[in-house]
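Visitor: Listed below, chain by chain, are the residues.
Number of protein chains: 2
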Amino acid sequence: MPRLRLALGQTNPVVGDLAGNSHQILEAARRASAQGAHILAVGEMALSGYPIEDLASRPSFLSSCRDAVIDLAKRLQDEGLGELVVIVGHPDGPLQPRLLGTSNAPSAIAQNCASVLQHGHVKARYAKHHLPNYSVFDEYRIFIPGDELLVLRIKGVDVALIVCEDLWRDGGPVERVLEADAGLLVVINASPFERDKDEVRLPLVTRRATETGTIVAYVNIVGGQDDLIFDGDSVVVDAAGVILARAPQFREHLLVVDLDVAAATDSPLPPHVARVALEGGRPSDDTLEPDIAILPDDREQLWNALVLGLRDYVQKNGFGSVILGLSGGIDSSVCAAIAVDAIGADRVWGVSMPSRYSSGHSRSDADDLAERLGLHYSVEPIADLVLPVESQLKLTGTAAENVQARIRGIILMGLSNLRGHLVLTTGNKSELAVGYSTIYGDSAGGFAPIKDVPKTLVWQLARWRNQFAASRGEVPPIPENSITKPPSAELRPDQTDQDSLPDYEVLDAILDAYITRKLGRDDVIALGFDGETVDFITRLVDRAEWKRRQGAIGPKISEMAFGRDRRLPITYRPSLDVLPGAQTTAGGARS
Amino acid sequence: MPRLRLALGQTNPVVGDLAGNSHQILEAARRASAQGAHILAVGEMALSGYPIEDLASRPSFLSSCRDAVIDLAKRLQDEGLGELVVIVGHPDGPLQPRLLGTSNAPSAIAQNCASVLQHGHVKARYAKHHLPNYSVFDEYRIFIPGDELLVLRIKGVDVALIVCEDLWRDGGPVERVLEADAGLLVVINASPFERDKDEVRLPLVTRRATETGTIVAYVNIVGGQDDLIFDGDSVVVDAAGVILARAPQFREHLLVVDLDVAAATDSPLPPHVARVALEGGRPSDDTLEPDIAILPDDREQLWNALVLGLRDYVQKNGFGSVILGLSGGIDSSVCAAIAVDAIGADRVWGVSMPSRYSSGHSRSDADDLAERLGLHYSVEPIADLVLPVESQLKLTGTAAENVQARIRGIILMGLSNLRGHLVLTTGNKSELAVGYSTIYGDSAGGFAPIKDVPKTLVWQLARWRNQFAASRGEVPPIPENSITKPPSAELRPDQTDQDSLPDYEVLDAILDAYITRKLGRDDVIALGFDGETVDFITRLVDRAEWKRRQGAIGPKISEMAFGRDRRLPITYRPSLDVLPGAQTTAGGARS
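Sequences listed follow chains A and B, in order.
At position 262 of the first sequence (counting the first as 1) the number is 262 in the working numbering, and the numbers step up by one without a gap.
To convert, take the position in the second sequence, counting from 1, and add 591; that gives the working numbering.
Quick caveat, the hints were computed from the structure, so don't treat them as lab data.
These figures come from a predicted structure and were not determined experimentally.
Ideal Cβ positions, reconstructed from N, Cα and C, are used throughout, including at glycine.
A hint or two may mislead.
Here are the simulated EDC-like pairs of lysine to aspartate or glutamate, each with C-alpha atoms no more than 20 Å apart in a straight line [as the list claims (entries may be wrong)]:
1. A:123 to A:170
2. A:155 to A:71
3. A:518 to B:674
4. A:197 to A:298
5. A:518 to A:505
6. B:1109 to B:1096
7. B:1109 to A:67
8. B:985 to A:380
9. B:746 to B:674
10. A:123 to A:147
11. B:665 to B:618
12. A:518 to B:843
13. A:485 to A:367
14. B:1109 to A:559
15. B:788 to A:530
16. A:518 to B:1150
17. B:985 to A:384
18. A:123 to A:279
19. A:155 to A:54
20. A:155 to A:285
21. B:1109 to B:787
22. B:746 to B:857
23. A:123 to A:83
24. B:1076 to B:959
25. A:197 to B:1150
26. A:394 to B:971
27. A:394 to B:857
28. A:518 to A:530
29. A:518 to B:937
30. B:1109 to A:54
31. B:788 to B:770
32. A:197 to A:300
33. A:518 to A:532
34. B:1109 to A:175
35. B:788 to B:843
Partial selection, computed: residues in chain A whose CB lies under 8 Å from chain B [stated by the list, open to error]:
36. 228
37. 378
38. 380
39. 392
Produce the entire structure from the sequences given, and follow the hints as far as they go.
Guide: Pasting the structure below:
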């Protein structure tokens, strides 16, 4: 069997930063070439970043991407890397607007493409067939589907090329790969991390490999992009379902592997399949031991995901540091530990903001945490700032409680505006889901590290992080008392969360049933929960939607700059649409 | 030619309020029947409200909608209205999840349907073919497209039935209507208002009528739903392109018209067209003069749209009143006038919140406005609340300026929490687009009446509203000085907007080119704008995205309760999914 040396480049692109992303790919190509690879594949949209959302409807952005592909091919050639076959993901356009299957979709002028570069030129291009349009994906909104299949003949073997969702679809392009007799299937992906995603993704890759009798090489991008985390976890599986190589999660990596691929046959091609012949590149004599990463357990994966999500949001938006309130409670403690793991204690500012209702342990637990983590720490009592507001407006009850939270928001935003910190807001998924937060108060901030972590899981992660530290002989970062004490907002005397909410085990189970599993009221009760509790919780969830969004609704009378009819990434460098090197600064200051 | 009496019911549904929406349809049926109509058609999704977004992926919600259709048919029969043919829009499901054209779309379990009710039963059902998936529409995400056409034979004529986008699509179902020889085409719609939409919509209806030689009856829902405003403007056009009847914009209406329709032929049906025979109903002897509404000019339409958008957001979310800051400037003055027009002066609270930098005219113009409008008015000076924060945190420059805006936000939210007002935030589109606002400060609030109105248009609307009042012998609501003085945030001495922004005429023109027309930097400059100005403005727009959203980004690790992977209306009554009569209260209070 002919032998191919394949490199998979797990790069971490920034949406819109075509120059920076090209540089990452070029660097991967240098290393792949130095290791004697014949082919380098990088992820879906590795050149533009992913998801680009409605940037795909801007002709100038698409032209810049097209230019960047051509430029990348030239630069590879100029650096003497022309022999290497480089497969790169990018949006292609602007194309003639095409009516899609079931609507006028007037904005679709782009395709989601994989281009094949060699000898300074674009030798072939494949456009993704299957455009996901559920959950976080909006591709059928912005892309025109492709309908041709591509096979590359190189060193006597046929290599088929598809993009992400094409692999997931039964009866999709993968079946035609089988008809075309390709020996290797390369799939480029931008597949976001989710809990237990590896329990779905790897079995799929394995099944496709064994079904088609083809080696499957799956390359994914890595990195945080707004609320998505791409985990990498690139993998190569042979036709028997054996993992030949696997990249680590959550970091950039070049995975290089030798593959013995079935020789190409000259059977006639099925319809709509193009075959492009490429030169073979120099042979490699050495033998190579590929990496086979082993995934850590669920909690370690989650922790790493949250750390990467925070780190990349900070870095890609150009912040130097973060600031957060430290209440001594579990949520802010876990957020602080994530922040320190992500960007280092010298870039994390913690502020204790005790009120007249704060317990002694709030302050001492916050002090303890700050010392364990070694972050910058200050104390700003709020009583003298809250009282004038309460008394001038004669506020009582909930209205007065909220002033405390909002004054804390003003303090953090004020220090952010003064020194450029990104403000972290520390709410967990359970309390956000039921609306237990003060809008413009504790919910103020640009990034919410545990926004999607239910309270019960926050505790588990805290325990895991402490054990992990202990197992390495380090000081456990989170004070034991923050983990074990009953949670409280401390906005009035002796308040605890369980005054008005069920136990978090019950709450999280109901939220899972109602939100994630989309069960109706009766079906949630049928799981064994108390009817009154279910009614109470589901009603809170339905009511809290506006508070979670915070941004005000307003009547639409034209193409809006924002909101429902314009979807844009938050983190992106619009460099080629606008200014060279321009950079998003998602700060809170009045410009 | 046989004569049919057709009623078009322009109802104002609330998303999720199946009982209330059914009641509206029943009431329209009573009136249609009393006027001798044979057919009543109400709008797309008139039973469920529109858009339902990801509620369409909840089986329990869909089951409730299905039950509500059956229940409506029975109630019509029980009330002696069984003879009337009622065409009603609703989501149908839960269906077997179907793989859509180009993705796995695992969440689509519903269709966007029009059901035909008579004699207590659902006699026929049509599922929308063309699912818009651009701009504000997400239908291809949540619905399965239909592929059958429906013709109703009644009183010797054939009536074809389609839904909204089906009419817009060249080569769509409309062409098959022609083949099926229907004499009347009924199109039910949920078509949102946009500036100049009537310049597109009416010509389309007219073109389809003349192309197909068929009378086209177009019925639209009316009402505000979050950021969308449905304007009604239901219309009937004959095969010669003549308007036979037209409903007024922006309010509920029953449009009844007699139609002389070409008699049905017995030509064979094209494939995939079902014909359902219905009984004819009693004949009408009287003759009837249909309404033919005339649209007012652009500014009056816009004003009415903004008034309706605010009124319905307040009513549908169960608020009793609104509160807003009155600065004496044009934006807050226009918002206050809209609010008074929408819900009456006795439900509008204005607060003047002067700082040490506020000019004399800020206070006097606000006083003048309050008196002209007759709203509730109070003054809350902020100096004593701002100074303690500034001095404790040692804030200067922009950081200190923002404290003023945020203390004002705390005041409005505090009074909202105390008394239940909805807070209005008064920013215009131009300043929101470039990020000229303080996050958690002047941008705090649940509804932004002029969020999509560029500054230059705000002035035009103010002038129009004053002229309109004068033409009716009423006091012009907006002080002349608020219209003519230079705009300023007044956060430092002698500040004006034009210290840091170009003239609003230039700014609005650049925003229109960059945002609405999606031009790139070079193309904007080619329109004749100064390069430095264009670079400055486009960079501000790109940077301001996060501030406009306000809600914090956070890493996603599962199905989220909120954000990118779950799209829900803000205004909705989840009554049948959860609790009878439950009602959203989009307030800001900690529950």
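Visitor: None of the hints should be skipped; say for each whether it holds.
Guide: Hint check results:
1. A:123 to A:170: Distance of about 29 Å is beyond 20 Å: violated.
2. A:155 to A:71: 26 Å, violated
3. A:518 to B:674: It is violated: about 39 Å lies between the C-alpha atoms, which goes past 20 Å.
4. A:197 to A:298: 10 Å, holds
5. A:518 to A:505: 18 Å, holds
6. B:1109 to B:1096: Within the cut-off at roughly 19 Å; holds.
7. B:1109 to A:67: 19 Å, holds
8. B:985 to A:380: 12 Å, holds
9. B:746 to B:674: Between residue 746 of chain B and residue 674 of chain B the Cα gap is close to 12 Å, so the pair holds against 20 Å.
10. A:123 to A:147: 18 Å, holds
11. B:665 to B:618: 14 Å, holds
12. A:518 to B:843: Violated: residue 518 of chain A and residue 843 of chain B sit about 34 Å apart, past 20 Å.
13. A:485 to A:367: Roughly 16 Å separates the two Cα atoms, so the pair holds.
14. B:1109 to A:559: 10 Å, holds
15. B:788 to A:530: 50 Å, violated
16. A:518 to B:1150: Roughly 10 Å between the alpha carbons, so the hint for residue 518 of chain A and residue 1150 of chain B holds.
17. B:985 to A:384: 15 Å, holds
18. A:123 to A:279: With Cα atoms ~11 Å apart, residue 123 of chain A and residue 279 of chain A stay inside 20 Å; holds.
19. A:155 to A:54: 40 Å, violated
20. A:155 to A:285: With Cα atoms ~15 Å apart, residue 155 of chain A and residue 285 of chain A stay inside 20 Å; holds.
21. B:1109 to B:787: 19 Å, holds
22. B:746 to B:857: OK: residue 746 of chain B and residue 857 of chain B at ~14 Å, within 20 Å.
23. A:123 to A:83: Distance ~12 Å between residue 123 of chain A and residue 83 of chain A Cα, so the pair holds.
24. B:1076 to B:959: At roughly 15 Å apart (the allowed maximum being 20 Å), residue 959 of chain B and residue 1076 of chain B satisfy the hint.
25. A:197 to B:1150: 12 Å, holds
26. A:394 to B:971: 12 Å, holds
27. A:394 to B:857: It is violated: about 78 Å lies between the C-alpha atoms, which goes past 20 Å.
28. A:518 to A:530: 18 Å, holds
29. A:518 to B:937: 42 Å, violated
30. B:1109 to A:54: 10 Å, holds
31. B:788 to B:770: 30 Å, violated
32. A:197 to A:300: Answer holds: residue 197 of chain A to residue 300 of chain A is near 14 Å, not above 20 Å.
33. A:518 to A:532: 19 Å, holds
34. B:1109 to A:175: Given pair residue 1109 of chain B, residue 175 of chain A is violated - Cα atoms ~39 Å apart, limit 20 Å.
35. B:788 to B:843: Answer holds: residue 788 of chain B to residue 843 of chain B is near 19 Å, not above 20 Å.
36. 228: 6 Å, holds
37. 378: 10 Å, violated
38. 380: 7 Å, holds
39. 392: This interface hint holds because 7 Å falls under the 8 Å limit.
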